[in-house]
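Protein sequences, first through last, are from chains L and H.
According to this note's numbering, the first sequence holds residues 1 to 492 in order.
According to this note's numbering, the second sequence holds residues 1 to 250 in order.
One or more hints might be untrue.
[Unchecked claim] Calculated pairs, DSS-like style, for lysine-lysine (alpha carbon to alpha carbon, straight line, at most 25 Å):
no., chain 1, residue 1, chain 2, residue 2
1, L, K16, H, K167
2, L, K71, L, K61
3, L, K264, L, K394
4, H, K240, L, K16
5, L, K353, L, K265
6, L, K394, L, K353
Hints are computed from structural coordinates only; laboratory data are not their basis.
Residues per chain are reported as follows:
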Amino acid sequence: MEPSTPSSPTFTRSRKYLIAINTVVLIILIAGILGLLNYLSNKHFRRYDWTSTGYFQVSDKTRELLTSLTKDINIIIFFSPEDSNYQDVLLLLKEYENISNRIRVQKIDPSTNRGRAAELKDKYQINDNDENVVIFDSGSKAKYVVSSDIADYDYSDSTSAQDARRKAFKGEEVFLQAILNITEDRQKNAYFLTGHGEKDINSSDQMDGYSLVATALKRENLRVSPLNLFEKTRIPEDCDVLVVAGARSRLAQHELDEISRYLKKGGRMLFLCTRNRETGIEDLMVEWGVNIGKDQVMDKTLTKTGRDLFITQYGIHEITRKLTTPTATLATVYLLPRSVYPIKTDSADQLDKPKVSPLLITSPNGWADVDGNMQHNRGVDLPGPIHIGVAVEKGNLPGVTSRGGTRLVVVGDADFAADGLVHIGSNLDFFRNSVNWLLKRDELIGVSPRTLHEFRLELTSAEFTQLGWIVLFAIPGVFTGMGAFVWWMRRR
Amino acid sequence: MRNFITLLRRELGSYFLSPIAYIVSAVFLMAAGNTFLALVSYLRSKPLEAGIMTFFFSTVFFWILVILVVTILTMRVFSEEKKTGMIEVLLTAPVGDLEYVLSKFAGAFLFYLLIWIPTAAYVFILRHFAEDITQLDMGPIYSGYIGVASVGFLFTAIGCFCSSLTKNQIIAAISSFAMMLGLFLIGLLLHTGNFEQWQDILGYISLPDHMLQFSRGIVDTRHLFFSLSLGVLLLFLTVKAVESRKWKGL
Chain L
1 MEPSTPSSPT FTRSRKYLIA INTVVLIILI AGILGLLNYL SNKHFRRYDW
51 TSTGYFQVSD KTRELLTSLT KDINIIIFFS PEDSNYQDVL LLLKEYENIS
101 NRIRVQKIDP STNRGRAAEL KDKYQINDND ENVVIFDSGS KAKYVVSSDI
151 ADYDYSDSTS AQDARRKAFK GEEVFLQAIL NITEDRQKNA YFLTGHGEKD
201 INSSDQMDGY SLVATALKRE NLRVSPLNLF EKTRIPEDCD VLVVAGARSR
251 LAQHELDEIS RYLKKGGRML FLCTRNRETG IEDLMVEWGV NIGKDQVMDK
301 TLTKTGRDLF ITQYGIHEIT RKLTTPTATL ATVYLLPRSV YPIKTDSADQ
351 LDKPKVSPLL ITSPNGWADV DGNMQHNRGV DLPGPIHIGV AVEKGNLPGV
401 TSRGGTRLVV VGDADFAADG LVHIGSNLDF FRNSVNWLLK RDELIGVSPR
451 TLHEFRLELT SAEFTQLGWI VLFAIPGVFT GMGAFVWWMR RR
Chain H
1 MRNFITLLRR ELGSYFLSPI AYIVSAVFLM AAGNTFLALV SYLRSKPLEA
51 GIMTFFFSTV FFWILVILVV TILTMRVFSE EKKTGMIEVL LTAPVGDLEY
101 VLSKFAGAFL FYLLIWIPTA AYVFILRHFA EDITQLDMGP IYSGYIGVAS
151 VGFLFTAIGC FCSSLTKNQI IAAISSFAMM LGLFLIGLLL HTGNFEQWQD
201 ILGYISLPDH MLQFSRGIVD TRHLFFSLSL GVLLLFLTVK AVESRKWKGL
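Isolated chain L, as found in the complex (with noise of 0.2 Å):
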């Protein structure tokens, strides 16, 4: 230990002990403040969207259903990041995050974590032809959405699908889908009439296979099950849709009265018809409102066969109001439907009637074939447009609380749902939309989704061989002879 000289009016020892534990001090407290004030920024933040589409924009759908969430919520984005999905889905998911702390966001990339990978395919059974995943678990139920439905494509330019621009993303409403879905309370059940040849859920026929439709609805956490009606004789309470698709024999009368007594009760039914077949529910169909021809509608300007039937035109009603969107009408197709189209009432009664609005609507060159011999034959067969989908709606009933009023979509056609055409056009969005309004779930349609603006330059080789030039060299070259004569100035 040095004695500290008298001569020397600076830091001694002990002085400079001091001061050093007095900084130290200093800066752990300045460190902390400023994690404290890092910690409340994070609490109180502001995030601004400079995007001129406001593309991160949450719509206040989701933002209502996101705080009023219940359950926890754990998604994980289970993506390569060369999907071009990818960055819209992370960045939208943020907004998410940050609008309620229930939501948590994980990602996972297949590709450089394998281990993880195989765990969550196999714990939520994902398919292994589904690369790309969005999985939502809110810990009782789980559901994952696959990238390319995130997305419309633009398969125009391209050779391959993975080629394909991306012309909307859909992000916001598919999630909203999915969260709902598992942050409901009761799986909902669909019932599919069996005993009269309906279609088969269970059987990929391509004509009278339903297999890739009930799979679908089981995708939204629907409970998919055949009813026998004939030996069950009662609709099960629990039944939230019946679907009754490609009936080809006449019903038992106890059946069509249970059938009508359901409806009444603010049943849920898919009628889905069947050319020149008569299953008595047409006639009970009448009392709704709606008249099934004993018909066969085509159109030779929008058809492959002869006997398909291409629709591209849509009644304004939620279930195809995303058929129709600001860049392209979107095809269903079907084969021979009939016409089904809303009876005239007169105004006067309207209140208590129910309400019928077309859905599918054929070109002015579709007529409807009533004498069945494949040819217009004036007076006798009906020109076009022809309806040939509707969906009808009649209000709350009274002492019916829970179930909301009866809902019935009526379309004249079975075949276009089944495996071999329901991949046809957006034909499986269709059968899906319209389930899903007829169980009453609208907070699913109507989000819109997010136009891409797309940028693109012009410019010829001369141009871009200018542009190097001066991107390149000019541009920098600058500096590099400020450089020089700057050097030059100081050698002197």
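Following the hints, position chain H against chain L.
Below, chain H without anything else, positioned relative to chain L:
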């Protein structure tokens, strides 16, 4: 305050008189130009639906470039004067440590911003050649530049801090490069998905993540605050380091 301005002018002046600063700028602009040309040639064949600015910041190459530039700009900021002994002359002048440090920092930071200005030419070029001018969304471009400035603020502070710790410019350069790179890499960990429990914190400090959001048009006060507060902390430490020379007995 007047001292600060004087020192700042002197500092900027020394940058403009230094050939190295020009060489660094030229190299940076060449590399940025190269990336820009890649973007242009991509856009000629395929349209890009979103996030033009992300093109620049999604590559490691570009980040390393920026780190290098800032390192070189800041490596001599305190070291050089320590070496030449100028620091004693300055310290005995009636200039506060804080003013001194801030003027050095401001000089480096301003020069960094200056280097980025020519890149605005890229924006004009894009607008000139755009097939449909309305489709170039300027929002993300502005926010992208804000991101560049905030990251630059932090990096410059790191560079100044490391420079203040040592006489040797090389050591200053290496340590500041390492620190900046380290900070950047921690952010990358977020993407490997291995550290699931840490994802919240990693997300908060991940600079690549912040930049991604800035370049897509999202301005989040947390990202700004993180860079600013950490930068301020480092500047504070720098002031302390400069102060310590007084009693360390140079």
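Each hint, compared with the structure:
{"no.": "1", "hint": "L:K16 <-> H:K167", "in the structure": "holds, 21 Å"}
{"no.": "2", "hint": "L:K71 <-> L:K61", "in the structure": "holds, 18 Å"}
{"no.": "3", "hint": "L:K264 <-> L:K394", "in the structure": "holds, 9 Å"}
{"no.": "4", "hint": "H:K240 <-> L:K16", "in the structure": "holds, 14 Å"}
{"no.": "5", "hint": "L:K353 <-> L:K265", "in the structure": "holds, 15 Å"}
{"no.": "6", "hint": "L:K394 <-> L:K353", "in the structure": "holds, 7 Å"}
In summary, the structure agrees with every hint in the numbered list given earlier.
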